[in-house]
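Chain by chain, the residues run as shown.
Number of protein chains: 2
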Amino acid sequence: MVLRIPFVTKNEHKVAEANIVLKKYGVEVYPVNLKKIEVQSESLEKIAALAAKIAYRKLRMPVVVEDAGLFIDALSGFPGPYSSYVYKTIGIKGVLKLMEGISDRSAKFRAVVALAYSGGVKLFKGVVKGIISLEAKGTKGFGFDPIFIPEGHAKTFAELGTEEKCSVSHRGKAFEQLGKWIVENKDKLIPEFRASPRVEAQ
Amino acid sequence: MVLRIPFVTKNEHKVAEANIVLKKYGVEVYPVNLKKIEVQSESLEKIAALAAKIAYRKLRMPVVVEDAGLFIDALSGFPGPYSSYVYKTIGIKGVLKLMEGISDRSAKFRAVVALAYSGGVKLFKGVVKGIISLEAKGTKGFGFDPIFIPEGHAKTFAELGTEEKCSVSHRGKAFEQLGKWIVENKDKLIPEFRASPRVEAQ
Chain F
460 MVLRIPFVTK
470 NEHKVAEANI
480 VLKKYGVEVY
490 PVNLKKIEVQ
500 SESLEKIAAL
510 AAKIAYRKLR
520 MPVVVEDAGL
530 FIDALSGFPG
540 PYSSYVYKTI
550 GIKGVLKLME
560 GISDRSAKFR
570 AVVALAYSGG
580 VKLFKGVVKG
590 IISLEAKGTK
600 GFGFDPIFIP
610 EGHAKTFAEL
620 GTEEKCSVSH
630 RGKAFEQLGK
640 WIVENKDKLI
650 PEFRASPRVE
660 AQ
Chain S
460 MVLRIPFVTK
470 NEHKVAEANI
480 VLKKYGVEVY
490 PVNLKKIEVQ
500 SESLEKIAAL
510 AAKIAYRKLR
520 MPVVVEDAGL
530 FIDALSGFPG
540 PYSSYVYKTI
550 GIKGVLKLME
560 GISDRSAKFR
570 AVVALAYSGG
580 VKLFKGVVKG
590 IISLEAKGTK
600 GFGFDPIFIP
610 EGHAKTFAEL
620 GTEEKCSVSH
630 RGKAFEQLGK
640 WIVENKDKLI
650 PEFRASPRVE
660 AQ
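Residue numbers (my numbering), protein chains in the order written: chain F, 460 to 661; chain S, 460 to 661.
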């Protein structure tokens with residue numbers, strides 16, 4: 460039996476990346492078309508936890524939310540929690556322009572996955588350190604993937620395949636934690652799906 | 460009698476600017492130390508309206524909230540609603556770097572003032588068009604004031620005095636609207652302050 464959990468996101472890449480990692484735990488997430496309420500905060504933890512809480516109140520079944528961001532050291536953590544807004548406005552070109560002439564190119568991608576259920580909200584975190592490349596490379600993934608080279612690698616996230624990306628990525632690590640937790644706590648979660656009118660276990 | 464209304468902000472400049480404009484309407488705002496809850500949105504209207512609603516629920520008396528941002532045309536509206544986060548991270552230097560070599564320097568400052576009271580939430584808006592200067596100038600004001608030259612002027616907001624800035628600024632215009640509305644609707648508002656334990660009319 461695969462435990463299927465709703466995931467509040469419009470980003471198909473995130474769903475695919477999560478499921479690559481969750482498969483071995485017998486868990487699958489599926490996108491639900493629910494407005495994700497995100498508060499302005501410099502803490503991904505706060506943003507994800509509150510969004511999950513609100514989604515749980517609406518769906519009344521266990522639900523997963525994820526918030527992630529690229530934090531560039533030389534830019535005081537910019538674009539951080541506002542990475543998707545920054546991607547849509549100044550984009551990769553803008554970030555590379557901001558980094559022109561800056562020798563310290565260290566950055567990290569962070570992800571926080573929040574699972575809301577009757578017991579409250581559980582947070583699972585993942586971080587990957589790396590550098591901002593000198594130019595955009597690769598076409599896979601999404602967002603700032605073409606300019607992020609994870610530590611110990613020579614390629615950007617956008618040059619790696621999804622599986623390879625997930626084995627080192629912030630998101631991969633966070634969903635890994637979620638998968639482990641679910642396996643250990645299945646007894647708590649499964650009855651909540653049974654109680655729900657939208658039971659989706661298969 | 461001056462009608463004193465709580466204003467949810469930690470920014471003393473905003474309080475001073477609002478009061479310069481409100482004085483002639485017999486209204487004064489004073490800062491209240493309440494956490495301002497701001498949702499992530501590209502709409503200042505949504506951010507201000509929701510923040511005011513939440514503040515009203517806590518204070519149980521009429522309350523004012525303001526949200527403002529600098530919208531740069533060539534950067535697809537960046538930094539927009541996230542201006543204060545962008546100011547704290549990449550700052551004026553970062554925005555000037557993003558604008559290097561860009562000839563279209565048009566921008567606007569927008570402000571939305573939200574008044575929450577028993578009748579709901581009223582929004583008052585102000586916009587000022589201008590350009591991003593080639594370098595930072597002036598020491599008055601706050602935020603991106605040193606790089607914004609309002610239309611019809613030769614000086615940046617940070618080179619103008621507070622009174623002069625308010626006579627053309629987005630914030631000045633929005634609070635002007637608020638002042639007019641309060642004068643016309645005093646009969647609705649004053650009883651709400653009387654009913655409140657924290658009445659502050661003097």
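A few of these clues could be false.
Which bits of chain F does chain S cover? Going by a derived footprint, with three or more residues having C-beta under 8 Å, they are [unchecked claim]:
{"hint": "1", "segment": "563–569"}
{"hint": "2", "segment": "573–587"}
DSS-like mimics (lysine-lysine), calculated; alpha carbons at most 27 Å apart, straight line [said to hold, decoys possible]:
{"hint": "3", "chain 1": "F", "residue 1": "K556", "chain 2": "F", "residue 2": "K517"}
{"hint": "4", "chain 1": "F", "residue 1": "K469", "chain 2": "F", "residue 2": "K599"}
{"hint": "5", "chain 1": "F", "residue 1": "K517", "chain 2": "S", "residue 2": "K517"}
{"hint": "6", "chain 1": "S", "residue 1": "K494", "chain 2": "F", "residue 2": "K494"}
{"hint": "7", "chain 1": "S", "residue 1": "K639", "chain 2": "S", "residue 2": "K483"}
{"hint": "8", "chain 1": "S", "residue 1": "K639", "chain 2": "S", "residue 2": "K505"}
{"hint": "9", "chain 1": "S", "residue 1": "K483", "chain 2": "F", "residue 2": "K556"}
{"hint": "10", "chain 1": "S", "residue 1": "K596", "chain 2": "F", "residue 2": "K495"}
{"hint": "11", "chain 1": "F", "residue 1": "K567", "chain 2": "S", "residue 2": "K556"}
Partial pick of chain F residues on the chain S-facing surface, computed with a CB cut under 10 Å [to be verified]:
{"hint": "12", "residue": "S500"}
{"hint": "13", "residue": "E504"}
{"hint": "14", "residue": "L518"}
{"hint": "15", "residue": "L534"}
{"hint": "16", "residue": "S535"}
{"hint": "17", "residue": "G536"}
{"hint": "18", "residue": "F537"}
{"hint": "19", "residue": "P538"}
{"hint": "20", "residue": "G539"}
{"hint": "21", "residue": "P540"}
{"hint": "22", "residue": "I551"}
{"hint": "23", "residue": "G553"}
{"hint": "24", "residue": "F601"}
{"hint": "25", "residue": "E623"}
{"hint": "26", "residue": "V627"}
Calculated directly from the structure, the hints in this document are not laboratory data. Every residue gets a Cβ at the ideal spot worked out from N, C-alpha and C, and that includes glycine.
For this session: Give me the numbers of the hints this structure contradicts, sorted from smallest to largest.
Result: 1, 2, 3, 9, 10, 13, 14, 22, 24, 25 and 26
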